[in-house]
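Peer 1: Chains as they are written, first to last, in UniProt numbering: chain A, 1 to 380; chain B, 1 to 380.
Since the hints were made in silico from the structure, they are not lab data.
It is possible that part of the hints are untrue.
One copy or any two copies: either way a pair holds, since identical chains are not told apart in the list.
[As the list claims (entries may be wrong)] When the alpha-carbon atoms are kept at most 27 Å apart in a straight line, the in silico DSSO-like pairs for lysine-lysine are as follows: (1) LYS41 <-> LYS53; (2) LYS346 <-> LYS36; (3) LYS379 <-> LYS65; (4) LYS378 <-> LYS362; (5) LYS362 <-> LYS373; (6) LYS152 <-> LYS41; (7) LYS27 <-> LYS12; (8) LYS36 <-> LYS16; (9) LYS75 <-> LYS53; (10) LYS27 <-> LYS75; (11) LYS75 <-> LYS299.
Protein chains: 2
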Amino acid sequence: MSGKEEIESLEKLLSKLDVKDLESVNKILYGIGCSKLEIPKIEAEDLEIQSYKFACPREQTRLPKITRVGLFQNKTPLETWAPIQEQRQALHNLAEKAIEAAAKASVNIFCFQEAWTMPFAFCTREKVPWCEYAENAEKGPTTRFLQNLALKNNMVIISPILERDEDHNDVLWNTAVVIDNHGDYFGKHRKNHIPRVGDFNESTYYMEGNTGHPVFETEFGKIAINICYGRHHPLNWLMFGINGAEIVFNPSATTGELSEPLWGIEARNAAIANSYFTCAINRVGTEIFQNEFSSGNSKPAHKDFGHFYGASYVAAPNGSRTPGLSRINNGLLVCEMDLNLCRQTKDFWGLQMTQRLDLYAKSLTAAADLYFKPQLIKKF
Amino acid sequence: MSGKEEIESLEKLLSKLDVKDLESVNKILYGIGCSKLEIPKIEAEDLEIQSYKFACPREQTRLPKITRVGLFQNKTPLETWAPIQEQRQALHNLAEKAIEAAAKASVNIFCFQEAWTMPFAFCTREKVPWCEYAENAEKGPTTRFLQNLALKNNMVIISPILERDEDHNDVLWNTAVVIDNHGDYFGKHRKNHIPRVGDFNESTYYMEGNTGHPVFETEFGKIAINICYGRHHPLNWLMFGINGAEIVFNPSATTGELSEPLWGIEARNAAIANSYFTCAINRVGTEIFQNEFSSGNSKPAHKDFGHFYGASYVAAPNGSRTPGLSRINNGLLVCEMDLNLCRQTKDFWGLQMTQRLDLYAKSLTAAADLYFKPQLIKKF
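With the rest of the complex left out, here is chain A (with noise of 0.2 Å):
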């Protein structure tokens, strides 16, 4: 454990500001365009709904394209030792009710945290018993046990697990599953970044993805997933971007002092410069381990690396952003929009068709080659 009192989040700290004074802070920390959205009143136990809109002015030729998103943050109900099969039913469990919350709120996509179907165990750097978490995409029992629930709800379900590939001698993936919202199973995307990082040793398990840049047209709007550490990788949300999609989901897991103020940037950025809306999801709470594990930075082995400080957040193609959920509590934002907004804001910045792609695909080209010299000016 930490040892230290986690605060609540950075909203909540702000709201002990005058009310001028917070609307000042506010237009300059969170844009303009996000205001609450009324939801019917939901009783679910230990999760805290917040629910937010963007503005979108009407056009004279499209009608709006509103869609609904949900972002459910959890800590894992169970200790981290527990058998993996109720680990795993306590999560379904879990699941059950946030997107029965959802449903409630009329969401129309849901995404959960990254490998949301276990504890974050790739910090110990065993792989007993954590493999046996891995699941089949296509036909695992999670896909399984969401596809009825995605059906019942008309709900289009994104789902970031660990991936077992029998098809391929049974190597792990860090993977999301896209399921339709007749049930359906409609694809998957492998995490194209893997973390080498102090506790986030998770290239001991998977490798770096091999399924591109796709994106997922549904019902409710052209979607895609950026996991996790991908986030850090402009390219990899550039090139979401160029295959067309309206909404990216970062399905994240990441704690500590050094990345949280990196959080509310990253994603927001990436709405900014490919003008989409992105949803960043980040787990919640502090996992312990049975084991200790060392962690690569000279300090004496623990069992636990620190506090998932939550936090998730939507951010619209204009840079506005909603508040962010909770830092230490189970959590569902809620968020509509008008994926219209993404065009507009294309029309208005102009940053598509000032991106010279032909100048980076060349200097890209170059940067690749073993014998690159970089553009560097020296006096003599």
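Knowing the structure of chain A, use the given hints to seat chain B on it.
Peer 2: Relative to chain A, chain B alone:
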């Protein structure tokens, strides 16, 4: 005039929180490792000076590479319709005082705001008299003027001007000139991405830059310049990083409530994504023009295009940042950094190692092709 009273700064508002809350807020909003830098007391009329430094661990095999940058944001001192020679002279006088103040604070690299030798008159779309402000990058009056100050103060100076290229048919460019600490012209960089947004009708005056992404290896570090609107383009930032930049300056001129929420995000995201320091400099004040102009937004013609909100700041590779300068006053931001933090951050986060440049070289080459089809997954 905007008619409303401008707030002085975000930080001033936040400082109304109690000490403990402010500490928590700052940690999330500004990261860790930035602290006040002690400098001698400097008397400088109408110039608010703030000074900070970033922490950086010592290494065993490399000495620290300590550099101090100075970011200067200023209002135009005369009315915009003052004769060109007078306007330029008044700006030179202001600049000299700022550079002398920076020298007293031991600044090594000094950078002005975008097009600092003139009002930001491109909103007018008038060619007369504004084109007359353009100067030869290598031998113009501003470069000659700054060469003396650079030599005298042993200071590298970055001077963003409107450039007249007499060797190529008198065309104009938006250009940053680099003068080294011996007073020698070192080189120039031309703005790569040109806005076509509302009042920022700059494509009326100059085209996209043809100087690539040069990094200037000065005695005080490897520096590059991403001019204004280029900060919206992650690929532009990326190529400066690939070419080895340790500090990238972003001299800008930006106004308005659509832009301000983005201001703290973009240069800072670039620092994180590319493991270098970024220095974001914005103009300050409201500039009023003699002839009215329209803004492409269905509103009546008017004589100003809003308040340049200053708020210049420095961001570090680890995502920490300084507070911003004032939103309303002339200011000099002095910031000390150890450039070793760049490579340390690369080693820590591994973003370059995990970047998959070869993948994106191929993806962008495909995307730039006229017959490109996006990777879109459809059900039927």
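Peer 1: Since the copies are identical, ignore which copy is meant and state whether LYS362 and LYS373 lie within 27 Å (CA to CA) inside a copy, between copies, both or neither.
Peer 2: Both. Shortest intra-copy (14 Å) and inter-copy (19 Å) distances satisfy the 27 Å Cα cut-off.
Peer 1: Pop the pair LYS75 and LYS299 into one bin, within, between, both or neither, using alpha-carbon distances up to 27 Å.
Peer 2: Classified as within; 26 Å inside a copy, 51 Å across copies.
Peer 1: Treating 27 Å as the Cα threshold, decide for LYS378 and LYS362: within, between, both or neither.
Peer 2: Cα proximity of LYS378 and LYS362: one copy only (23 Å, versus 31 Å across).
Peer 1: Given identical chains, is LYS41 near LYS53, meaning Cα to Cα at most 27 Å, within a copy, between copies, both, or neither?
Peer 2: within (17 Å within a copy, 49 Å between copies)
Peer 1: Given identical chains, is LYS346 near LYS36, meaning Cα to Cα at most 27 Å, within a copy, between copies, both, or neither?
Peer 2: within (25 Å within a copy, 40 Å between copies)
Peer 1: At most 27 Å between C-alpha atoms: does LYS36 with LYS16 qualify within a copy, between copies, both, or neither?
Peer 2: both (19 Å within a copy, 26 Å between copies)
Peer 1: If the cutoff is 27 Å on CA atoms, where do LYS27 and LYS75 land: within, between, both or neither? Let me know, please.
Peer 2: Result: close only across copies, 24 Å inter versus 31 Å intra.
Peer 1: Are the CA atoms of LYS379 and LYS65 at most 27 Å apart within a copy, between copies, both, or neither?
Peer 2: Between copies, since 19 Å is at most 27 Å while 56 Å is not.
Peer 1: Is it within, between, both or neither when you check LYS152 against LYS41 at 27 Å Cα-Cα?
Peer 2: Classified as within: same-chain Cα gap 21 Å, cross-chain 70 Å, threshold 27 Å.
Peer 1: Checking LYS27 and LYS12: alpha-carbon separation at most 27 Å within a copy, between copies, both or neither?
Peer 2: both (16 Å within a copy, 15 Å between copies)
Peer 1: Should LYS75 paired with LYS53 be assigned to within, between, both, or neither, using CA atoms and 27 Å as the limit?
Peer 2: within (26 Å within a copy, 38 Å between copies)
Violated hints are absent here; each numbered hint is respected by the structure.
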